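Chains W and U are the protein sequences, given in the same order.
Just so it is clear: in the first sequence, position 15 is 212 by the working numbering, and no numbers are missing.
Just so it is clear: in the second sequence, position 192 is 642 by the working numbering, and no numbers are missing.
Derived from the structure by calculation, the hints contain no laboratory data.
Model, not experiment: these values are computed from the prediction.
All residues carry an ideal CB built from backbone N, CA and C; glycine is no exception.
Incorrect hints may have been included.
Partial list, computed: chain U residues near chain W (C-beta under 8 Å) [to be verified]: (1) His477; (2) Ile504; (3) Thr549; (4) Ile570; (5) Thr638.
In case you want the letters, here they are:
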Amino acid sequence: MGKGHDHQHPPSDMTLRVKALETALVDKGLVDPATLDGIVDLYENKVGPKNGAKVVARAWVDPTFKKKLLADGTAAIAAFGFPALQGEDMVVVENTDDVHNLVVCTLCSCYPWPVLGLPPAWYKSSAYRARAVSEPRKVLEEFGVTVEDGKEVRVWDSTAEIRYLVLPERPSGTEDMSEEQLADLITRDSMIGTGVVSAPGKG
Amino acid sequence: MDGIHDMGGMAGFGPIPIETNEPVFHHAWEGRVLALNLTVTTFLPGNLDYGRSIIENIPPADYLRMSYYERWFDRILARCKLNGVIDERGAAAVERGDTPDIHIEAKNPPAPPDLVLAFIQSGNPAGREIEAAPAFEIGDVVHTKNMRPDGHTRLPRYARDKTGIIVAHHGAHVLPDSNARMAGENPTHLYSVRFAARSLWGETAHPKDTVTIDLWETYLERA
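The shape of chain W in the complex, shown without the other chains (with noise of 0.2 Å):
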């Protein structure tokens, strides 16, 4: 099966039996190609995690921002106009000296479409969604990232239309940046809890 049970390659007539469905619902005039298209661009290149780390850039530089976002993610996330599909109530959660939070959706596989766009399929695996609240101190090496053991990992399981965001710790050595650049640095694992962003050459 190759390296992870989730990801293995689909039967190969999956593109078959895609392309037999659409044609059918195309022809009956129940679908519009186009429409499919517009859908696939949207998630394939305008909505993905740039957005979630223009978000977490603002919270950065912007104390007043981080104040309304931590209150209410909803309305501060909802400023910046992302397509709100999957992440219509959405609550932000910072990382501190004490506490290390880590999302995850056990029952299916929810995640903060407007900020952070489709799911990584490790986040999608019977791994991931079967680990994370049990041992996600194990988890967290696996990514690379390893918690204290004075602090608290804290793990929100997204069983409703609540979704998640982690705030990241900003990494020291980059007063001078610009929220531009400070957004550059952060990534989509730091959004999920998977990942600390590290200051430029610290990679």
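Given chain W, work out where chain U should sit, using these hints.
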């Protein structure tokens, strides 16, 4: 239901399959499945919870064999069958990669890109206003019910019959348990409940760690 989808705490799945520089879609068909999934909602009845319950009903061995978007494709086909868009013969044709006969004619022109993209832009919030006051407030200690409904629910089995503390109240949200059965939204107060990891997993868990789960009022009792 105690299905294979309820994975929290299970063992045996191995390391996390981390992939560097992962593409959004590994195959072009995955994008088409995502888009079809969002588009069929314009002409088929259903809702988010109903859709999840269909995936939860995939037999466990198949569920584990299939990738995420394969499950989604299975769901689209299932919904087409359930709503008479396609019959068993048509579904079998799709499985072979042959274009099937479709049994309904469109009454209206198909949803144009603008309409579906506007839906994605505005989203589909699950919060609702209700008159009933919340039974709990932040700081309350609560106990999750020991329940095993046959149908869809969002109380993971690892968090059943456990004691936690309310850390947030989100107002009332559509109740998945009834919505998934197409039996109404039944909006119910929703809370974030925090559990000590040791209360869920025992001594192997780190003493400082916690798990926070969003749970509806009907899943909870005062501890």
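Hint check:
1. His477: 7 Å, holds
2. Ile504: 11 Å, violated
3. Thr549: 5 Å, holds
4. Ile570: Cβ of isoleucine 570 of chain U sits 4 Å from chain W, so the hint holds.
5. Thr638: It is violated, given that the least Cβ distance between threonine 638 of chain U and chain W is near 10 Å, above 8 Å.
Checked against the numbered hints given earlier, this structure breaks hints 2 and 5; the rest are met.
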